[in-house]
Amino acid sequence: MELHDVWFVLIAVLWTGYFFLEGFDFGVGILTRLLARDRPEKRVLINTIGPVWDGNEVWLLTAGGATFAAFPEWYATLFSGFYLPLLLILICLIIRGVAFEYRVKRPEERWQRNWETAIFWTSLLPAFLWGVAFGNIVRGVKIDRELEYVGTVGDLLNPYALLGGLVTLSLFTFHGTVFVGLKTVGEIRERARGLALRVGLVTAVLALLFLLWTQVENGDGASLVAVAVAVASLVTALAAARAGREGWAFTLSGLTIVAVVAMLFLTLFPNVMPSTLNPDWSLTVTNASSSAYTLKIMTWLAVVATPVVLLYQGWTYWVFRKRIGTQHIAPDAHAAPQAAH
Amino acid sequence: MELALAPETLARWQFGITTVYHFLFVPLTISLAALTAGLQTAWVRTEKEKYLRATKFWGKLFLINIAMGVVTGIVQEFQFGMNWSDYSRFVGDVFGAPLAFEALIAFFFESTFIGLWIFGWDKLPKRIHLACIWMVSIGTLLSAYFILAANSWMQHPVGYRINEEKGRAELTDFWAVLSQNTTLNQVFHSFSAAFLTGGAFMVGIAAFHLMRKKHIPVMRTSLRLGLVTLAVGGLFTAISGDTLGKVMYEQQPMKMAAAEALWDGEKPAPFSVFAYGDVDKGHNKVALEIPGLLSFLAHSDFESYVPGINDTNEALQEQFGPGDYKPIVPVAYWGFRWMIGFGMASFSLGLLGLWLTRKKFLLPAAHRTGEEEVPHLVLLKKPLGAKLTRWYWLLALWTMGFPLIANSWGWIFTEMGRQPWVVYGVLQTRDAVSPGVSTAEVLTSMIAFTTLYAVLAVIEVKLLVKYVKAGPPELTEADLNPPTKIGGDLRDADKPMAFSY
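Here the protein sequences come in this chain order: A and B. Everything in the first sequence is counted per this note's numbering, starting at 1 for the first residue and increasing by one. Everything in the second sequence is counted per this note's numbering, starting at 1001 for the first residue and increasing by one.
Since the hints were derived computationally from the structure, they do not count as laboratory data. Think of the CB as a built atom: it goes at the ideal place given N, C-alpha and C, for glycine as much as any other residue. The reader is advised that the hints may include incorrect statements.
Unchecked claim - Not close to chain B: a few residues of chain A, all C-beta gaps over 12 Å, as computed:
| id | residue |
| --- | --- |
| 1 | M1 |
| 2 | T77 |
| 3 | L157 |
Claimed, not checked - In silico DSS-like cross-links for lysine-lysine, where the CA-CA straight-line distance does not exceed 27 Å:
| id | chain 1 | residue 1 | chain 2 | residue 2 |
| --- | --- | --- | --- | --- |
| 4 | A | K142 | B | K1166 |
| 5 | B | K1387 | B | K1213 |
| 6 | A | K322 | B | K1495 |
| 7 | A | K322 | B | K1126 |
| 8 | B | K1326 | B | K1285 |
| 9 | B | K1495 | B | K1485 |
Kindly generate the complete structure, drawing on both the sequences and the hints.
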């Protein structure tokens, strides 16, 4: 296994980490409309991810930076090619970050409601758009001899990629629902269980369609295993959610995400962005990657830094392990600056 | 018109707008993280309540600010790929590595520990909670270091070779990129400017409250801390600016010649105080100069030769072939002056304040003040009158944004002074843009970001003003009795969280 193959795996790992972690916090953002009955419940939801969403999002920045360093051609073609969808994602992430931080900084109801609306939409749109983006990456896009994307925005909105978007959207919502089941107490926890079943069923249908479609078009033996794992874990996650085994439900919905991302990267390899115009113009792990020296340095970085990151990020989840409910959120105390921290 | 709407022009504008905007928040984040950490350390060590109240007050402003720094930073990570794909292809092998280091080492650090700090007041023992804000501070410094190493490579590329076959630059010595003198000097200069910025911010806000005789104990402490930070930061900014300037004279003579609007080389060279140039004719119409000073700034003696714009342009033409290697001279010239002028004006105000508010040194005992009193501003032996005192406070308040102006012009100067190069001597800016991205697309994103940033600026400033005016919070029982166990004390399972979104 050469270094550029190692880096293909590592990029897959970074995206997996991103979708696993920000997956549930996108889901929680979406649930502020689907699950919460009143504003205190909305706050409970937002606070389940309060201390961690920012760290979760860094997985994306790291995936971006690592792609730049390890596969400059991939980074260049992908982000200049998928220009407008990426722009929309960036705008969402900007507003979303500010929304979490600023929502409680004023007591006015209108102010808070506006930010709540923002949290819903800026969680929903990226959750959908990332699926569209990865659908297109796997399916291949119009890339010319110069490795430039020459398609249009319309080309990116094909049925396969749109289905991919629905899969990530529903899968992240499901993941968020079981996360809420794991992190809350009281009535909202019960309702999360009920919703998990419904969202989970929709997810299962969409994911099965998408994965089979991918398997038929580009799959091989290994990707078939990933499909099997994805479907099995999703179904088991549903059963666990139904039985009230919340820890298991969350682990398994996470495993589903891992398996889906693995499936996509398995069908992609050794390409990183196939060209639909001419297979010779595809970006591959060889023609898109950095020099051996850069990859070596990057590998050292990954080997040393990643375990440390996992350790302290994991520790954060342990510190905030307590379940929360409406009783843990002081009504207005934090809206007024005098009592704010 | 065609040029004005060329993707290159638009992409440059967009980079300028988003980066200058991002950098409004960065220096404040760097300095306020460290200052808040310092105040919290004082609280943990002395248990004086004023330090905790100060920590909460400045910490709040820090959080409002860092939120903007973080989200506008996301754009920076992807903008190279979006608008500058040929740049990314050409330099990714070298330039990508420090960005990846920044993300994996610094960003995770900052964002994980900031979550722990915000929500950790009732979840973490005092000392561990304190350690978290220090971790954030280290994260901000590491982040700045890596991105400045990347930028320094654009200013002065080292540790690479050109791979003709692949048509790109490839890294050969990463350590050289991280440790070259451009990097070290830029880091030194940016860090000190960051503390100058945070110091001025603290002084301005403390002055606002002291003028109105409010929150005196907390604001007295903050004023003192701010003034010392401002003075030390200012001093180091000046020193590092001088050494960075000398490095630039070696590495980018054109940038420095443009900074002085020195059209033709001179020996000894004068420092220009004011000039009005005629760019087409290649000389200044009006010039006000201090003899010999430029020679000193460039080479530490008053006699030596400093090459001018015209000479350097010819030298570069010989080296790189026909073309115009001049940046926009008035931008470089005035950018340089505004950077120094606004930065040093703040520094002077800090020095003055430090002297006026001295506690014991050469201060008659009668004018010393207690914890609960607004400090007298003593020029020589007698305190300033009410009117002059008020003027000092007002001046401190009005000029707290000066370092932000200086920082912005510093970056505009250093980036525009490097033109037409994006990587000096290696790649020109016009060859760096994304060939596949249309004018309409760049225009869309530029308008989108600019509009969004403008709206967020209004929201952010209003919030800052609100929290500045509110002053330091009263402490609660919970504040004074932090938990002793990680995860919080579990006696009362239904106790509300100390902080929630």
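Evaluation of the provided hints:
no. : hint                : verdict
1   : M1                  : holds, 20 Å
2   : T77                 : violated, 7 Å
3   : L157                : holds, 16 Å
4   : A/K142 <-> B/K1166  : holds, 22 Å
5   : B/K1387 <-> B/K1213 : holds, 15 Å
6   : A/K322 <-> B/K1495  : holds, 12 Å
7   : A/K322 <-> B/K1126  : holds, 19 Å
8   : B/K1326 <-> B/K1285 : holds, 18 Å
9   : B/K1495 <-> B/K1485 : holds, 16 Å
Comparing the model with each numbered hint stated earlier shows that hint 2 is the single one that does not hold.
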